[in-house]
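Visitor: Take the sequence shown: its position 93, counted from the start at 1, is 81 in this note's numbering, and no numbers get skipped.
Just so you know, the hints here were simulated from the structure itself, not pulled from any lab data.
There's no promise every hint is true.
To be verified - Here are the computed lysine to any residue pairs in the SDA-like style, where the Cα-Cα straight-line distance is at most 25 Å:
hint, residue 1, residue 2
1, Lys29, Phe2
2, Lys105, Gly77
3, Lys91, Thr58
4, Lys29, Val64
5, Lys29, Gln141
6, Lys99, Val146
7, Lys105, Phe2
8, Lys105, Asp138
9, Lys99, Arg54
10, Lys129, Thr97
11, Lys105, Arg65
12, Lys91, Asp61
Said to hold, decoys possible - Estimated spans, in silico, between C-beta atoms of each pair:
hint, residue 1, residue 2, range
13, Gln53, Ser27, 18 to 24 Å
14, Ala197, Arg18, 55 to 61 Å
15, Arg18, Val117, 26 to 32 Å
16, Phe177, Asp61, 52 to 58 Å
17, Asn101, Asp61, 17 to 23 Å
18, Arg89, Phe13, 35 to 41 Å
Since the model is a prediction, treat every value here as computed from it, not as a measurement.
Beta carbons: idealized from backbone N, C-alpha and C, even for Gly.
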Amino acid sequence: MRLHRLTITGVGPFRGTETIDFDRFAASGRFLLTGPTGSGKTTIIDAIVFALYGQVADSDGSSKQRIRSTLVDPAVRSTVDLVFSTSAGVYRVLRTPEYMRPKQRGSGTTKQNATVKLWRMSAPAGTTVDEPITRVDEAGKEIRRIVGLDREQFTQTVILPQGKFARFLRATSDQRHELLRDVFGTGIFDAMQEELRARRRDVERQTEAARQALRTRADVLAPLLPAPDSPTPTTVVSEPE
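Build out the structure end to end from the sequences listed, making use of the hints.
Guide: Written out as C-alpha cells, the structure is:
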C-alpha cells in the first residue's frame, strides 16, 4: 500500500485546511513523524486511519470525536480526504465524522451523521473513473478488500502509532503468524504445507498397506518353503541296463 496525499480540514488542532503530499518522499517509501508533544503527530495518524476505517488509530479508550476540531465554527464541516493505492488500483476516500451542529431552523443542535465517499481513480492526480460508494458499511467492506487489512492489522504494520510497536513484539507466536500471513499473503504456503502433509499421510498409509500385504503373503508361503536346517531332498534316476 502507498499513501499519496492527505488533506484535512477542521481536524484535531488543525483549524484550517492542511495537505501532506506523501509522493514527495516516494524515494524512501517510509515516513517518520517527529515533533514536540501537541504538534499534531497523532492527529495525522488518526486522520489516515479514520479515512480508511472510520475509526481513530487507537480504539482502546479513544473516541472518534477527537477527529472533530474544537477550534472550528460549529457550522464548518470536518473532512479527511486521502488518496492511496494498492495492487487493486488507485483510490480516493473522503470522510466526515459524526458531530453536533446547529439546527438549520430554530435553536439548539442536531447530530450530523458521518459520511463517506470512495472513488476509484485513474491516477493519484487523475480523475475518478466511476461513481462513488457512499454507504458507510459498503465503503468499509470495499476498503478492507482493497487494503487487505482490518484496522487492527493496519495499525500494527503500515501505520505504527506512538507506543504501539511494542504491541506487535509482545504478541504471541500464533498472533504474529496470523498477522504476517494476512499482511504478506502467505496463506498459500500454509495451504501448500497442509497439502504436503496430507500427501505424506497418504503415502504412509499406502506403504503400511503394502507391508501388511507382503507379511500376509509371507505367512501364506511360509509352510510351502523347506525349513532352513532340513536337507534338500534329492531325486535318483537310474539308467536302464
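Visitor: Decide, hint by hint, whether the structure agrees.
Guide: A quick look at each hint next to the structure:
The hinted pair formed by Lys29 and Phe2 meets the criterion: a straight-line CA distance of about 11 Å does not exceed 25 Å. Between the alpha carbons of Lys105 and Gly77 the distance comes to roughly 16 Å, so the proposed pair stays at or under 25 Å and holds. For the given pair, Lys91 sits about 18 Å from Thr58 by alpha-carbon distance, which is consistent with the 25 Å threshold. Of the supplied pair hints, the one linking Lys29 and Val64 holds, its CA atoms being roughly 23 Å apart against a limit of 25 Å.
A C-alpha spacing of about 20 Å is found between Lys29 and Gln141, which places the hinted pair at or below 25 Å, so the restraint holds. A threshold of 25 Å between alpha carbons decides the hint, and for Lys99 with Val146 the separation of about 33 Å lies outside it, so the pair is violated. Distance check on the hinted pair: Lys105 and Phe2 sit about 22 Å apart at the alpha-carbon level, within 25 Å; holds. The suggested pairing of Lys105 with Asp138 holds, with an alpha-carbon distance near 19 Å, which does not exceed 25 Å.
Taking the CA atoms of Lys99 and Arg54, the gap is about 16 Å. The hint holds against a cut of 25 Å. With a C-alpha separation of about 31 Å, the suggested pairing of Lys129 with Thr97 is violated against the 25 Å cut-off. Distance restraint check for Lys105 and Arg65: the Cα-Cα separation of roughly 15 Å lies within the 25 Å cut-off, and the hinted pair is therefore satisfied. Annotation: proposed proximity of Lys91 to Asp61 holds, straight-line Cα distance about 14 Å (limit 25 Å).
One distance hint, 18 to 24 Å for the beta-carbon pair Gln53 and Ser27, holds here, with the actual separation near 21 Å. The given range of 55 to 61 Å is respected by Ala197 and Arg18, whose C-beta atoms sit roughly 57 Å from each other. For Arg18 and Val117, the Cβ-Cβ distance of about 29 Å falls inside the hinted range of 26 to 32 Å, so the restraint holds. Judged by the Cβ atoms, the range 52 to 58 Å given for Phe177 and Asp61 holds: they are separated by roughly 54 Å.
With their beta carbons about 19 Å apart, Asn101 and Asp61 fall inside the hinted range of 17 to 23 Å. Checked against the hint of 35 to 41 Å, the C-beta distance between Arg89 and Phe13 comes to roughly 36 Å, which is consistent with it.
When the structure is compared with the earlier hints, violations turn up for hints 6, 10 and for no others.
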